[in-house]
Amino acid sequence: MPGISAETVPSPAPRGKYPLPRLTKPKAPAGTIYRGNVGMWSWVLHRITGVAIFFFLLVHILDTALVRVSPEAYNAVIGTYKNPIMGLGEVALVAAIGLHALNGLRIILVDFWAWGTKHQKLLQWIVVILWIILLIGFVPRHLMNVFSE
Amino acid sequence: MTTTIESPRAPRTVRRGGVNWEKWGWIYMRVSGVVLVVLIFGHLFVNLMLGDGVKALDFAFVGGKLSNPFWQIWDTLLLWLALIHGANGMRTITNDYAHNRLVGVVLKGAILAATVVLLILGTLVIYTFDPCPAGSPADLLASFCTAG
Amino acid sequence: MASDVLEKKGPRAHDAVPTFTVTMIVRRFDPEVDEEPRWVDYDLEMHGTDRVLDALHKIKWEIDGSLAFRRSCAHGVCGSDAMRINGRNRLACKTLLKDLDVSQPIYVEALKGLPLEKDLIVDMEPFFDSFRDVQPFLMASSKPKDGKERLQSPEERARFDDTTKCILCAACTSSCPVFWTDGQYFGPAAIVNAHRFIFDSRDEGAQVRMDILNDKEGVWRCRTTFNCTDACPRGIQVTQAIAEVKQAIMRGKP
Amino acid sequence: MSETDQGTIVDGVHFHKHDIVIVGAGGAGMRAAIEAGPKASTAVISKLYPTRSHTGAAQGGMAAALANVEEDNWEWHTYDTVKGGDYLVDQDAAEILAKEAIDAVIDLENMGLPFNRTPEGRIDQRRFGGHTREHGKAPVRRACYAADRTGHMILQTLYQNCVKHGINFFNEFYVLDLLMTEVDGVERPAGVVAYELATGDLHVFQGKSIIFATGGFGKIYKTTSNAHTLTGDGVGIVWRKGLPLEDMEFFQFHPTGLAGLGILLSEAARGEGAILRNSEGERFMERYAPTIKDLAPRDIVARSMATEIREGRGAGPYKDYVYLDITHLEPAVIDAKLPDITEFARTYLGVEPYTEPVPVLPTAHYAMGGIPTTNNAEVLRTNTETVPGLFAAGECACVSVHGSNRLGTNSLLDINVFGKRAGNNAVEYAKSADWVDLPDDPTAGVRRLLDHVRGGDGSERIAVIRKELQEAMDRNAQVFRTDESLRDVGDLIKKLRARYRNVQVQDKGKRFNTDLLEAVELGFLLDLAEVVVYSARNRKESRGAHMREDYPKRDDKNLMVHTMAYLTGDAESAQADDHIRLDWKPVVVTNYPPTERKY
Ligand SMILES: Cc1cc2nc3c(=O)[nH]c(=O)nc-3n(C[C@H](O)[C@H](O)[C@H](O)COP(=O)(O)OP(=O)(O)OC[C@H]3O[C@@H](n4cnc5c(N)ncnc54)[C@H](O)[C@@H]3O)c2cc1C
Ligand code: HEM
Ligand code: SF4
Ligand code: F3S
Ligand code: FES
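Residue numbers (the numbering used here), protein chains in the order written: chain A, 1 to 149; chain B, 150 to 297; chain C, 298 to 551; chain D, 552 to 1150.
Hints in this document: simulated from the structure, not taken from any laboratory. Given the structure is predicted, the values throughout are model-derived calculations rather than measurements. Every residue gets a Cβ at the ideal spot worked out from N, C-alpha and C, and that includes glycine. A couple of the hints might just be wrong.
To be verified - Lysine-lysine pairs mimicking DSBU-like chemistry, simulated, CA-CA at most 35 Å apart:
1. D:Lys590 - D:Lys568
2. C:Lys445 - D:Lys1108
3. C:Lys442 - D:Lys568
Stated by the list, open to error - Covered by chain C, per the in silico footprint, the following chain A stretches (three or more residues, Cβ under 8 Å):
4. 32-40
5. 58-71
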């Protein structure tokens, strides 16, 4: 890079020079909600599911750690996973993980593959379809397990 | 999440210098994501789908799995990759929404602390786990405890 | 009279299309009076070939002269009049009323994420600052010896064609949910303009710009939500351009 | 407010001091700034963000005899410019334009402009109206271009380089007055006064050299390719200072505006092979300009189109437009070379240019006239004397390189060549000149102007007056003119000027008061329209864009001269005769004596 560096060109004005807004921040009525692309909504969902899974994971590590305390303790806690309400929670969990994972894969494809960027809407639909297939495979079987006996 | 702020003129932090966590974080999210797909779905499949599914989960089941080095490595990877992935994701979200510096530092500190503690705890559990603790009722343990 | 053939009758495109009434609901804000913005309704008689800009002009010229908005070229090349129309960032001069559902009111408000100044006018300085920060100009140390142009093949020229189309209207940056969170993200427009130079075969400053964007507020903040691509009135594949810059940064070269 | 400070504030007025003050940040203003900025303290004041300037709307290309694709030289280019301008061109200036064109294009390329390229990697060139080889033998490829966004690329490239040089911009500042002070018996410019849109504050910019680059005033017409903001403020300010305006009667009508809208479809379309057709599908330009047909200069094509329509061969339900046909071009070629204009046709008329011909009509496009300058961009106060320290460049200026009709692609050239000259000469001047003292109470004039528009009884709406003006100009001072039509519109302007005194400004606020500024702009439009019509009425011949049906012949014996209009007497007086004085300025002829203009 002969002779060119960040130093040879005039440096941009320093950041953080914006004064506080001159006006009091306008309050209501709020604007409209942005009618964004499917990409925006799937990002929202990705965020929500990501956070949800993270908190589940924290709990899940703690409950699994009970195996170090005693078999009784572990079984007592894990037993609660088996009641029907938790069973539904597990469906939600798997749905969330499934969505997050499939959408994550879509994001990765879009990031690394120009075709993915061009056909991102198609990819979105593929994600939805695969997600439904996944749930069709999982939910009936799982609920049967939960509600059996 | 689609609300907007009217005046985003909070000072932008100074850039440059040090390791570029953003780039590596970004790459890490993708690499770990791909691996996690295998690990998580494998984990879920074995735990929830095979046999009686969730009904089969108990100490004995876990004991059986964790005495197998294959599952030990599997779970270790799962633990580390998922927790760091999740923690990094939470860090990103915090950066987006915590406009107050102090709040940001506190939240990120909490995420970091929780992650470190749980990583150590989880790893210890996996590797110091005794599938056949002495004095436990045999019917709670994996079948191989009594066999040996 | 001299040229009445040309003008008396005037071009009749308008006669062919029936008029219709449309309700525009404009989010107005007068910093000298209002504590907060307010939505104001206007019922307007419009033609089928009219654009949202024509409707705004009708309000300004016939109803309330104090309505403030920016505009200049009126055909989508100067980038003055990006605003949020029915919940999406669009150029008022490029959005035909007939393409909107005129049986419903049309909501018009200023771009979000940039400080609101008055009615549909926002402060563009933070936006232009991000643009200037990516050093958007050709960096080339040596002049061609023969005093002529630098050579560049049509293929090399085509490589960055898409991003040369940017008119700095800010529709993209102010449609980006990441930008809304704290306004510190460089935003798609700045990255588009960096892309225009990073992939220009004549430029030698790619590394400088990649360093600038390989940053906390740089390309990594893009979460591929595609709002920007959707909003861009010039049809630039903005998300694609951002992805290309990310990859260039990972590779360490364009 | 932009990258710069607030100046020194005295009694609520901001004072700034720069060696060079440039008014206007279009192509001409920024080209000047790139020369001046690094050498002297420079401020650029613009009522728009620089990248919003109308240079960005230019499409087709920028002429220069690079000879990259076929034989060409600047002498042919000079000849074409002179002939295209119907011999009213100052030939020494045209020679400068054509010669320096080559460097101007190379400069832009070196600054980063992404021109389209030939397979060898050189700047590609295309055909354009009136540009020929060997003095009119055949069309030549002379226009350097970047798809159909050449102006966009020029504007962006110049702005990028201003960013690089850290030029001081004052964006959304409306210059409303030029300050002149008498020094040793000569009026010299001391600075300008600007109104800051964001705050309503007044700013005084003191400068040694002042450059006007404020663009055109197409908004005196209704159907125009020009932006809403092209209201001729700069030309109007200079006019009100009693300085002359040159050749104002020559206004170019571009043949191919989208019918009904005026949005331009570049001549580049015809350069790439598009054909004009009448309702019978006939390529009518074959009759009017047998050699170069659709690529004849604009005045000729616009007149031919109007004639077709008058004689009943117009297309459409009302037979009031003609077609621009590109359906025979490959879609791939169209996409590569004319992407934007085809998009305009789709967006605004709903016509698919791949398969359908596009309805077009002449649209008011370019002011050949303006502030008279020397070849060094110095503003003239008389036929020979200049105003020291005052410069003008771009569409607001009249050098005159365009004569009575500008060739396509010569304007982007003009702004670069003479913008650069203005910048350099302004620096030279500022080096040796002393500061001129500001007049006492420098903002008095602007305050009076603003009070004037705010002070009426408010019974007249800005938009109504403007619309009446524009429609009348379209009707009576367009492609064809007669004494009668010009008298009609002249009378109307007189009435509108009277009504303007009671114009209503509804916005009473200080911040972003665009209502107030529209009222001020309307004042400039009315003044300029009056000069245009007055000059046109007095030119009793037909030449270039000025077609008098009552005097259909060119009159070289009496009228091979530039019109110079001066504001004298009371500007408020009703009759134009009472306050406009016309004078004539000889045309510089070097190599090409006037002959009949045939293509
Ligand atoms: C649609 C269209 C297509 C064209 N295509 C071509 C082409 O292909 N080839 C060609 O050669 N020419 C073409 N032209 C002509 C050419 O583009 C213009 O003549 C030229 O760009 C004018 O440049 P300028 O710098 O003089 O003015 P502009 O670019 O119009 O800039 C004027 C500047 O002055 C500022 N200003 C105005 N009033 C004030 C004020 N009161 N205070 C402060 N600032 C003020 C504005 O903000 C602006 O920055 C075209 C023109 C149009 C309209
Ligand atoms: C199953 C496989 C998984 C895949 C393929 C995956 C993929 C991804 C990807 C690619 C991102 C980055 C998104 C972006 O930059 O736009 C991401 C973000 C995130 N992930 Fe995952 N992930 C997976 C599992 C998990 C798990 C198990 C957790 C919880 C511990 C988690 C929590 C998060 C969080 C919190 C974010 C941040 C979201 C945001 O910034 O909006 N992910 N994931
Ligand atoms: S990329 Fe598109 S939307 Fe963004 S500023 Fe440029 S033209 Fe506007
Ligand atoms: S909207 Fe924002 S998140 Fe990325 S894809 Fe566009 S920059
Ligand atoms: S007015 Fe120029 S882009 Fe809309």
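Legend entry - Hint numbers not upheld by this structure, sorted from lowest to highest: The structure breaks hints 2, 3 and 5; every other hint is satisfied.
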